[in-house]
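Asker: Sequence:
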Amino acid sequence: MVEELIHGLHAVTAALNHEPEQVRGLWVERQRRDGRMQSLLDQAARHEVPVHWTDRAELDRLSGGARHQGVVARLAARSRGHDEADLPALLAAARGPALLLALDGVQDPHNLGACLRSAAAAGVQAVIAPVDRAAGLNATVRKVASGAAERVPFVPVVNLARALRGLQEQGVWIVGAAGEADATLYEVDFTPPTAIVMGAEEKGLRRLTREVCDRLARIPMAAGMESLNVSVAAGIFLFEARRQRGANG
1 MVEELIHGLH
11 AVTAALNHEP
21 EQVRGLWVER
31 QRRDGRMQSL
41 LDQAARHEVP
51 VHWTDRAELD
61 RLSGGARHQG
71 VVARLAARSR
81 GHDEADLPAL
91 LAAARGPALL
101 LALDGVQDPH
111 NLGACLRSAA
121 AAGVQAVIAP
131 VDRAAGLNAT
141 VRKVASGAAE
151 RVPFVPVVNL
161 ARALRGLQEQ
171 GVWIVGAAGE
181 ADATLYEVDF
191 TPPTAIVMGA
201 EEKGLRRLTR
211 EVCDRLARIP
221 MAAGMESLNV
231 SVAAGIFLFE
241 ARRQRGANG
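Just so you know, our numbering puts 205 at position 205 of the sequence shown, and the rest follows in order with no gaps.
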């Protein structure tokens, strides 16, 4: 296990909000003294998190050259994240029918971060993704997610098709997004416990993942448009499910 560095105001603020005991220290650009930074510093002080003042070059180095907005945080090594064994408990904790998002090999960390953000906004109980050949949680994902990575359980699984079959055994309806599907998402009933499955960038759902789905659905689009970014498509599916369930907050 290794310590983790995260960067950006949203990601660091979310860490202080949701897991302050994990934050071992902040590195802050000396020249940044605006209101947003001061609010973050006040929050760090409340949790007795040490602050180290430094220059932009050092923050560039710590963040790997990413856009850090003047702050980098060091998090303690996590002894255990979520895994497939946690799914029954996550389902049981749902208020009403569960809503899950499964990502079949999404490799771009920016897309994963954006999917996590949409999932958090839609009230999803968990985001599931394969361990291999897919993006995992890292500093870029956390920054793009703007705090959602700390709000929504992220569950890496060894075999996505097997994990989806396990969900089916627990009464979860599996709906896969596929551009060639006969039905549109507006023809699908999302009111039962549901896992929405999105395919990888440009490749879509893998064969084994597609075969385990109870139903495939597509987003109806204007002529000449073939596909949407996976995070945009995930948001459309998730909020159609939320609309059908009458969720208003």
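Source of the hints: derived by calculation from the structure; they are not laboratory data.
One or more of the hints may lead you astray.
[What the hints assert, rightly or not] Label-pair restraints from in silico Cβ distances: (1) 60 with 208: 36 to 44 Å; (2) 132 with 179: 43 to 51 Å; (3) 214 with 95: 19 to 27 Å; (4) 61 with 211: 33 to 41 Å; (5) 166 with 67: 32 to 40 Å; (6) 42 with 169: 31 to 39 Å; (7) 159 with 47: 33 to 41 Å; (8) 95 with 159: 46 to 54 Å; (9) 201 with 48: 40 to 48 Å; (10) 138 with 159: 19 to 27 Å; (11) 48 with 96: 34 to 42 Å; (12) 86 with 202: 45 to 53 Å; (13) 203 with 67: 25 to 33 Å.
None of the values given here were measured: they were computed from a predicted structure.
Virtual Cβ for every residue (Gly too), placed ideally from N, Cα, C.
Asker: Does each hint fit the structure? Answer for all of them.
Answerer: Results for each hint:
For residue 60 paired with residue 208, a C-beta distance near 42 Å keeps the hint of 36 to 44 Å intact. Range check, residue 132 to residue 179: Cβ separation about 25 Å, and the 43 to 51 Å hint is violated. The given range of 19 to 27 Å is respected by residue 214 and residue 95, whose C-beta atoms sit roughly 23 Å from each other. Separation of residue 61 from residue 211 is about 47 Å and departs from the stated range, judged on CB atoms against 33 to 41 Å.
For residue 166 and residue 67, the Cβ-Cβ distance of about 39 Å falls inside the hinted range of 32 to 40 Å, so the restraint holds. Taken as a hint, the range 31 to 39 Å is violated for the pair residue 42 and residue 169, whose Cβ atoms sit roughly 48 Å apart. One distance hint, 33 to 41 Å for the beta-carbon pair residue 159 and residue 47, holds here, with the actual separation near 39 Å. Taking the beta carbon of each, residue 95 and residue 159 are about 29 Å apart, not inside 46 to 54 Å as hinted.
In this structure, residue 201 and residue 48 meet the distance hint of 40 to 48 Å, their C-beta atoms being roughly 42 Å apart. In this structure, residue 138 and residue 159 meet the distance hint of 19 to 27 Å, their C-beta atoms being roughly 22 Å apart. The given range of 34 to 42 Å is respected by residue 48 and residue 96, whose C-beta atoms sit roughly 38 Å from each other. Between residue 86 and residue 202 the beta carbons are some 30 Å apart, a value that contradicts the proposed interval 45 to 53 Å.
For residue 203 and residue 67, the hinted distance range of 25 to 33 Å is satisfied, since their beta carbons lie about 28 Å from each other.
Hint violations for this structure: numbers 2, 4, 6, 8, 12, all remaining hints satisfied.
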